[in-house]
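Asks: Given only the sequences and the hints, what does the whole structure look like? Please build it.
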Amino acid sequence: GSGAVGIITDHQKGTYTATFRLLWEGDPEVTIKIQLVLLRQAIDVIERTKRKYPIDLVMFRKRYIVGNDKIDTKCNVDPAIFKKTSAVCNYSDPHAGAWWYCEKAANISCDTPGHHGEIRYRDVSGGKLFGRYVNEKTPQEPWVWDFIFDILYFLTQGEILWPIADGVSGDWSLHRYLVSIGVWNSLVCKNRHFSNQAGWQQCLNGKTLYIIGDSTIRQWWEHLVRILEMKEALIPDAIHKTGPLLARDTVNNITVNYRSHGLPRRIAFTWTFHFKYVANIIDEIDGGPNDVICITMWVHFASYPVEVYRKRMEAVRAAIQRLLHRSPETLVVIKSANTRHSNELISGEWLAYKLDLIMREIFHGVNVVLVDAWEMTSAQHWHVEAIHPEEDIIVQELEFLCSFICPL
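If you count by the UniProt record's numbering, then the sequence shown holds residues 1 to 408, one letter each, in order.
Keep in mind that a hint or two might mislead.
[What the hints assert, rightly or not] In silico BS3-like pairs for lysine-lysine, Cα to Cα no more than 25 Å straight-line: (1) Lys50 <-> Lys83; (2) Lys70 <-> Lys84; (3) Lys104 <-> Lys83; (4) Lys311 <-> Lys50; (5) Lys354 <-> Lys311; (6) Lys74 <-> Lys50; (7) Lys276 <-> Lys241; (8) Lys231 <-> Lys207; (9) Lys354 <-> Lys13; (10) Lys74 <-> Lys276; (11) Lys311 <-> Lys276.
Simulated from the structure, these hints should not be mistaken for lab results.
Replies: Here you go:
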């Protein structure tokens, strides 16, 4: 089947208007599915809980190994949540829009390397109010109403799509996708699809990709390495989930790097010296016509006040502007959040959606392009929504990325 994402207008009085572009020829039977993700009452609970616990819904730690001993100290974006008697190590970097603090371990310098990891999630699910609205009244499966319409003949012949380099780099609100039999196509520009490995290799020949962010964009690195059968380089003490990761195709001169976006990061223990903030990573890249910078940041910031995310992304924007000033031919790509089912209080769709709107606001008017994973995952209807989309979705995100690298 085919599908497209509608635009919903909230009239602020209990009524809504949904607008769809129906792009199928003939006299089809169309099913409109309306999914209730969260009740208003559930959103109220989420917002109230975040106001009550603005910083420590998730707590982190830095672990030192001293002989046979493991010494843990608490870490987070605000030292106010630590014991007032604790000395504090300040790892903040205002240039990168990042604030990070850890309790100081006795007799250990703040400069001593350690391992970063999460320590706990705050248990706020046992309350009657939260259980009533989120567990009982928010459905585990989508609520769906099917309305069948006889659609009159709809002719799409003569539709003009721009070359992707001309049609997408301006107004991000133009991004709309049509998915037909599992294949995404942009409604505003021509996008690529590859039928074999040679097509990918030809497009990416001579390119260096810097993939920066959370695990949803690490999937780009993983699938490019698989598709291109690249050889992964061994980086001492690095773990796969956070990197840094490096792979090369020496025949076609393709290099693909991955780095995490820095703290906070909900992850098993990894060396702190492997974390760098995104603005600093960008500042170290010379740039050029063969460099592609791919960035996403959202899921690990969802449990915090939105200003934590805003400051970080504003620093990323400033770093991108510096990069484009010294090397205007560099391609910079932002991947949006994607839809998911998850712990609604930590990183669910409502929180992700709010951050995604901030991201779009911050980068509006900047010479970067968008891979709109939110719409792409919303349009598909054959997989359960997940934080890590299935392989066919990731591949088509990458095909859309390549539509900017080697436009049709």
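Asks: A separate judgement is required for each hint: does it hold in the structure or not?
Replies: Going through the hints against the structure:
1. Restraint check for Lys50 and Lys83: the C-alpha separation of about 21 Å stays at or below 25 Å, so the hint holds.
2. For the proposed pair Lys70 and Lys84, the alpha carbon gap of about 23 Å is at most 25 Å, so the pair holds.
3. Proximity of Lys104 to Lys83 is assessed by CA-CA distance (about 11 Å); at most 25 Å being required, the pair is judged to hold.
4. About 18 Å separates the Cα atoms of Lys311 and Lys50, which keeps this hinted pair within 25 Å; it holds.
5. A threshold of 25 Å between alpha carbons decides the hint, and for Lys354 with Lys311 the separation of about 15 Å falls inside it, so the pair holds.
6. Distance check on the hinted pair: Lys74 and Lys50 sit about 20 Å apart at the alpha-carbon level, within 25 Å; holds.
7. For the proposed pair Lys276 and Lys241, the alpha carbon gap of about 14 Å is at most 25 Å, so the pair holds.
8. For the hint linking Lys231 to Lys207, the alpha-carbon distance of about 15 Å falls within 25 Å, and the restraint holds.
9. With a CA separation close to 21 Å, the supplied pair Lys354 and Lys13 stays within the 25 Å bound.
10. Between Lys74 and Lys276 the alpha-carbon distance is near 20 Å, which keeps this suggested pair within the 25 Å criterion.
11. As the CA atoms of Lys311 and Lys276 are separated by approximately 16 Å, the hinted pair is consistent with the 25 Å bound.
Comparing the model with each earlier hint shows no violations; every hint is respected.
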